[in-house]
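Asks: Next come the chains, spelled out residue by residue.
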Amino acid sequence: MDSVSVSLREAFGEKLVKIGEKNDKVIVLDADVGASTRSSYFRERFPKRFLNVGISEQDMMGIAAGLAIEGFIPVATGFAMFLLRAWEQIRNTISRDNLNVKIVATHAGLSDYADGSSHQCLEDIALMRILPNMNVLVPSDSVSVRSLLEQIIVLKGPCYMRIGRDYSPKVYTAEEDVIFGKPNILEEGDDVTIVACGIMVHFALETRRILLEDNIRAQVVDLHTIKPLNKDLLRYCERTDKVVTFEEHNVLGGMGSAVCELLSEKGFKIKRFGIMDIFGESSRDYIGLLQKFELDENSLAKRVKSFVEGDSIES
Amino acid sequence: MDSVSVSLREAFGEKLVKIGEKNDKVIVLDADVGASTRSSYFRERFPKRFLNVGISEQDMMGIAAGLAIEGFIPVATGFAMFLLRAWEQIRNTISRDNLNVKIVATHAGLSDYADGSSHQCLEDIALMRILPNMNVLVPSDSVSVRSLLEQIIVLKGPCYMRIGRDYSPKVYTAEEDVIFGKPNILEEGDDVTIVACGIMVHFALETRRILLEDNIRAQVVDLHTIKPLNKDLLRYCERTDKVVTFEEHNVLGGMGSAVCELLSEKGFKIKRFGIMDIFGESSRDYIGLLQKFELDENSLAKRVKSFVEGDSIES
Amino acid sequence: MEKALNRNQKLILSSVSRNLNYTASAFLRKLSKESGIPLSTLKLNLKILKEEGLVEYGRVGEPRPIKLTEVGKIVLELLDYRENVNDIGDCEKSVLEEDYRELLSKIRSKIVFEIYQAKMGHLPSSLSSANIIAAIFQVFKPNVTESKNSFILSKGHAAPALYAVMAQHGILDDYELAFLCSPGSRLQGHPDKRFLQEVIVSTGSLGQGLSVGVGIAIGKKLKNVEGKVVVLLGDGELEEGQIWEAAMSASANNLDNLIAIIDRNFYQMNGATEEVKMLEPLSSKWKSFGWDVIEVDGRKIDELVYILREIEKHQKKPTAIIAFTERNGGIEHIDRKAFYYIPTYVEYVRIWREQIG
Amino acid sequence: MEKALNRNQKLILSSVSRNLNYTASAFLRKLSKESGIPLSTLKLNLKILKEEGLVEYGRVGEPRPIKLTEVGKIVLELLDYRENVNDIGDCEKSVLEEDYRELLSKIRSKIVFEIYQAKMGHLPSSLSSANIIAAIFQVFKPNVTESKNSFILSKGHAAPALYAVMAQHGILDDYELAFLCSPGSRLQGHPDKRFLQEVIVSTGSLGQGLSVGVGIAIGKKLKNVEGKVVVLLGDGELEEGQIWEAAMSASANNLDNLIAIIDRNFYQMNGATEEVKMLEPLSSKWKSFGWDVIEVDGRKIDELVYILREIEKHQKKPTAIIAFTERNGGIEHIDRKAFYYIPTYVEYVRIWREQIG
Ligand SMILES: Cc1ncc(C[n+]2csc(CCOP(=O)(O)OP(=O)(O)O)c2C)c(N)n1
Ligand SMILES: Cc1ncc(C[n+]2csc(CCOP(=O)(O)OP(=O)(O)O)c2C)c(N)n1
Ligand SMILES: [Mg+2]
Ligand SMILES: [Mg+2]
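Residue numbers (this note's numbering), protein chains in the order written: chain A, 1 to 315; chain B, 316 to 630; chain C, 631 to 987; chain D, 988 to 1344.
Careful: at least some of the hints might be erroneous.
[Claimed, not checked] Derived lysine-lysine pairs resembling PhoX-like cross-links, with alpha carbons at most 25 Å apart:
hint : chain 1 : residue 1 : chain 2 : residue 2
1    : B       : Lys471    : D       : Lys1180
2    : A       : Lys269    : B       : Lys363
3    : A       : Lys48     : C       : Lys823
4    : A       : Lys242    : B       : Lys607
5    : D       : Lys1106   : D       : Lys1135
6    : A       : Lys25     : C       : Lys853
7    : D       : Lys1304   : B       : Lys363
8    : C       : Lys823    : B       : Lys607
9    : A       : Lys25     : C       : Lys660
10   : B       : Lys363    : D       : Lys1054
11   : D       : Lys1128   : D       : Lys1054
12   : D       : Lys1210   : B       : Lys337
13   : C       : Lys680    : C       : Lys660
14   : B       : Lys617    : B       : Lys607
15   : B       : Lys617    : A       : Lys242
16   : C       : Lys853    : A       : Lys18
17   : A       : Lys48     : C       : Lys946
18   : C       : Lys660    : B       : Lys363
19   : D       : Lys1274   : C       : Lys917
20   : C       : Lys823    : A       : Lys156
What the hints contain is simulated information worked out from the structure, not anything from laboratory work.
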């Protein structure tokens, strides 16, 4: 389970080329970070269908809107943090007019560990999921990236897909196992449900392993599609007493919050794990940074255990 | 209770002048909507401490940051929707550096009923409350506007205050009753707790009145300070079985979501009422629009009743 | 309100104005007999007209004569003179090549009508743009399915002017002009594609239209199709940085199919542009961003039409037209410094008379 | 990592390099005797040095001789030559008025050192700006408490250059340069005020610094205080529309205390600026936005210093300096088209030798 698969952005860049081969309506837009997002692979293969609009994220979203109006399928790529520079444009043009623009944001969460707080995006799930018409996806590994990218290209309507930079422990082996809109139960268990997205799915599986040593059996759900939010999740959660959420995002407003909203009418006990409403910082390695924010499997196992056993030390 | 007090933006504009008289560090910034936000009153009184930076919201937030660095207390004003054009600037400069900038956003919610979906801001509570260091306030009437404005000016750190345009039924009589950070229990009751903010507090009180006819006794809490979120709210909610939230905002990510997050560990049953994840539209009157979105007291009473009585028709 | 008045409704409306002192049911019986239209059909349509506030009549047990409401009268007035100019789509034919005065009067009256009805909407900003939008539609007939040209009203608050021109071109029915900002109306406060498809992209938040125009222009080039993309910008709107991002993108991509028209009325919402942010030297700005620039008297529609036709034939680069206008559209007693202005009934009638005499 | 090396730590470091084959405790006893510093004090400091990876030694039951780590050696190297130029703050004295060559070599070496240590950070972009930042600090000594001048590194990815110059001016200790991007280090990947106060405003997201500069400049005027605000921009960064919003604000507010320096190296992250977005005619752009413009060879620090001193005396308007640079900072074998470049050990040593020889 813990063998690292191909990097997330590599998977994205390569799959994009494959999609481009089959679908000539796909146009890729970049705001001068193509080498980093790996959208550059598409540029190399289809220079005419690739546009580096420069360091102008707002303009990029407007151009994407225009291309969608003309019947193309624009894929607007960039670092998650800087795409949010264009939040209002995404809101007022793309989302409001329900335009067929696919936004793929890389370097999300803490994955851009070196660059520090200006680059580490911990807010995008919140900002995107509250937009009407927007579909929001957070694939958990490179297999999911490929699978979901393929699916959103054919979907009509705006999509936001969030991926990290490289680190991507293997969660899936087959692309068919990841279906847009369908949460995946990866492990069964009846003491607690862990709902996770992104690379936190890997950490959820590892956490489960550690909890088993204490005889706590966790059900693990990969919520790769955060919007539309599938109500089956409610049913899945009913199998356990308590629910926890893992995400590489501020604990406010993100996936955990979406889960709270969905389950709120039913009186579940839920605890969210993520970044505790502070900014990121630089680090020379990713795992070290996750540890610092207590999002590694050992910290998580300890935190979940204490929640399951009822003494909520932290709150 | 239902007598309409002075308009929200009038209260804001007038109070701002009073504050300016006492505190010469206060500088007011405007992005060319001063006549509408009523920050123009400040301009008339203190032309040298007022700056219309033009239709450049991003630049305005940067300038505000610079003024704060120089020791001033900049108040950056504008329509809620267009201030969000500068979300990333607010995030990466103001909130990250914990700068002493006060953002006051008018025309929030549906209150700019004529202008339609491009102007009706249903996302700002979500976007602001997930920013570390940011204080988020939604005063419920003109008395609260005055009171909270005065309080945030002396507070150190960034603040976002959200107000509507005009409509402002009276909730409070004395400014002393509204204290930053402290949720207000306006009415007691033991069947359901209504947590509300903004003008929805008025509608919560009206809803309570209607529910009483059905022998449902609602506790009404004004959650004017959404961040920092006072944990006393948890205690207040414990008095009733069920909790509902009223807000003039997308039901995703906003105040209701914050309440879900706070109460999530305890297994409350919560239902959120707001705009059901769609965009606004034009109307010739405000109340009509609220009715269309089922946010008037009659619709709300019906919806709360059905939740309290356990048959959740809607979900 | 998604649809315009149908034939039967128009008939009812004009008959009501000629038939006084009938109760609703007596009126309908009479009309049915005269026209041969089934009573039930007429009944249904009358009910719709009442719901939309165009006619009023009594009810069972409380009979009152049927009559037009204030709005109903104005809608009828509009319908009437539209008949005179030979109905939808044909409007162009009736306009002499060099004499757009009548056309403009009609458009201006429609704008005033919309705003008087709604008691909201931005009259000065709409009047400022009326000529320009009229000229654009005259030359490019954009946004309808058959058209190869696209138009974006980036200064979305001039929506009433857009709607008036659209009505003039039969894209909207005149009747709908009475319903600016009404719930469910296609005429939202700002152009909204969810309600009105011909608005190709929703606007209202300033500074975004030019980027969308760049995207459409690139799209047309990728598809190898002809057609111009015209974007109308406010001068104050140029203070949004996104405009300059888009301006750079346009020249970097050699968009010789993109035209930006700047409604240069020297005022923004809260002051004069030169006092707020100093836009001059405006033409140098555009030139330094790689655009061709043409300055034109934006009060003269014939000049605008002429220039647009020239550009259509000879464009080599993205082209900015700086159109000098006045925010009162030439209606003297409206203050061109003011941003908000809702006419009273007296003013309304006065303007209406002045314009269509 | 909030503090620099203290006197005792420096002493330990240099003694270790001279004393081979001691175990840690033997070494400490010897040093304590020689220096008169209490053993417990030395012990504590040695422990800190070990935690920070500068020295290594064995543990109880597993004795190994104490020695400097790779990093420790380099830090010591840096400390040593700093001693030679007469320590913190005095660096200026040692620099002949017209001969900044040595100064620049040191700054460049420090930049390379930082990035070699961290194996991350943007070397070419930092080298490109090194001269400019050095000149700004030479003339304005900004951001420290006593200074009336402010400097914003809007192109925040040149942080290593800023840190190197700050170390040169004693704002940072050279020792800290080994810790770029380390958790808790004051030297974050991009200048971060939360970690380093002298960074007056955090950057990293391009296009925001000029607006903040405008705000500070307005603030200084409101307070009626002297002082310049200098903002360093990348050329690619000028593609952000916010820059042009700020440019307009600066001229509208007559900010004769605001200087923007454009690091004109003709490359951005993914290509040449003229291929991506076409910035030329760049000087016309700034002029048309109401700025005075000066072009200068940004590879010559004496020219930069001269121009800045002139502007300091005679500025009348917001002034843009277009400084023509190269993204390799003159180090020939680094490709100035590349955005990413991490030197290998061999390259590192080579550059180091070339620079401080
Ligand atoms: C992004 C944004 N900011 C602010 C507004 C509010 N607003 C509407 S119109 C207007 C003034 C526009 O001035 P100008 O572009 O000169 O248009 P004019 O009415 O003069 O034609 C403003 C500030 C808006 N609609 N969008
Ligand atoms: C808003 C934003 N968008 C994108 C980036 C990613 N980025 C960092 S540096 C850079 C290129 C900068 O080019 P330039 O301004 O010319 O600086 P140079 O390195 O050449 O000095 C980009 C696109 C960023 N930091 N911020
Ligand atoms: Mg104007
Ligand atoms: Mg460059």
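Asks: Give a verdict on every hint.
Replies: Checked hints:
For a cut-off of 25 Å, the pair hint linking lysine 471 (chain B) to lysine 1180 (chain D) stands: about 17 Å separates their Cα positions. Of the pairs offered as hints, the one joining lysine 269 (chain A) and lysine 363 (chain B) is violated, with about 55 Å between alpha carbons and a cut-off of 25 Å exceeded. About 30 Å separates the Cα atoms of lysine 48 (chain A) and lysine 823 (chain C), which puts this hinted pair outside 25 Å; it is violated. At most 25 Å may separate the alpha-carbon atoms for a hinted pair to count; lysine 242 (chain A) and lysine 607 (chain B) exceed this at roughly 38 Å.
About 36 Å separates the Cα atoms of lysine 1106 (chain D) and lysine 1135 (chain D), which puts this hinted pair outside 25 Å; it is violated. A hinted pair counts as satisfied when its Cα atoms are at most 25 Å apart, and lysine 25 (chain A) with lysine 853 (chain C) qualifies at roughly 10 Å. For a cut-off of 25 Å, the pair hint linking lysine 1304 (chain D) to lysine 363 (chain B) stands: about 20 Å separates their Cα positions. Taking the CA atoms of lysine 823 (chain C) and lysine 607 (chain B), the gap is near 20 Å; set against the 25 Å cutoff, the hint holds.
Restraint check for lysine 25 (chain A) and lysine 660 (chain C): not satisfied, since their Cα atoms lie roughly 59 Å apart, outside the 25 Å limit. Between the alpha carbons of lysine 363 (chain B) and lysine 1054 (chain D) the distance comes to roughly 64 Å, so the proposed pair goes past 25 Å and is violated. Between lysine 1128 (chain D) and lysine 1054 (chain D) the CA atoms are separated by roughly 38 Å; this puts the pair beyond 25 Å, and the hint is violated. Only pairs whose Cα atoms come within 25 Å are accepted, and lysine 1210 (chain D) paired with lysine 337 (chain B) is accepted, the gap being roughly 17 Å.
A threshold of 25 Å between alpha carbons decides the hint, and for lysine 680 (chain C) with lysine 660 (chain C) the separation of about 18 Å falls inside it, so the pair holds. In summary, the hint linking lysine 617 (chain B) to lysine 607 (chain B) is supported, as the alpha carbons are separated by about 14 Å, within the 25 Å threshold. Simply put, lysine 617 (chain B) and lysine 242 (chain A) have alpha-carbon atoms about 31 Å apart, too far for the 25 Å limit, and the pair is violated. As the CA atoms of lysine 853 (chain C) and lysine 18 (chain A) are separated by approximately 21 Å, the hinted pair is consistent with the 25 Å bound.
With a C-alpha separation of about 21 Å, the suggested pair lysine 48 (chain A) and lysine 946 (chain C) falls inside the 25 Å cut-off, and the hint holds. With a C-alpha separation of about 71 Å, the suggested pairing of lysine 660 (chain C) with lysine 363 (chain B) is violated against the 25 Å cut-off. Proposed proximity of lysine 1274 (chain D) and lysine 917 (chain C) is supported: the alpha carbons are some 12 Å apart, at most 25 Å. Distance restraint check for lysine 823 (chain C) and lysine 156 (chain A): the Cα-Cα separation of roughly 17 Å lies within the 25 Å cut-off, and the hinted pair is therefore satisfied.
Hints 2, 3, 4, 5, 9, 10, 11, 15, 18 from the list above are not met by this structure, while the remaining hints are.
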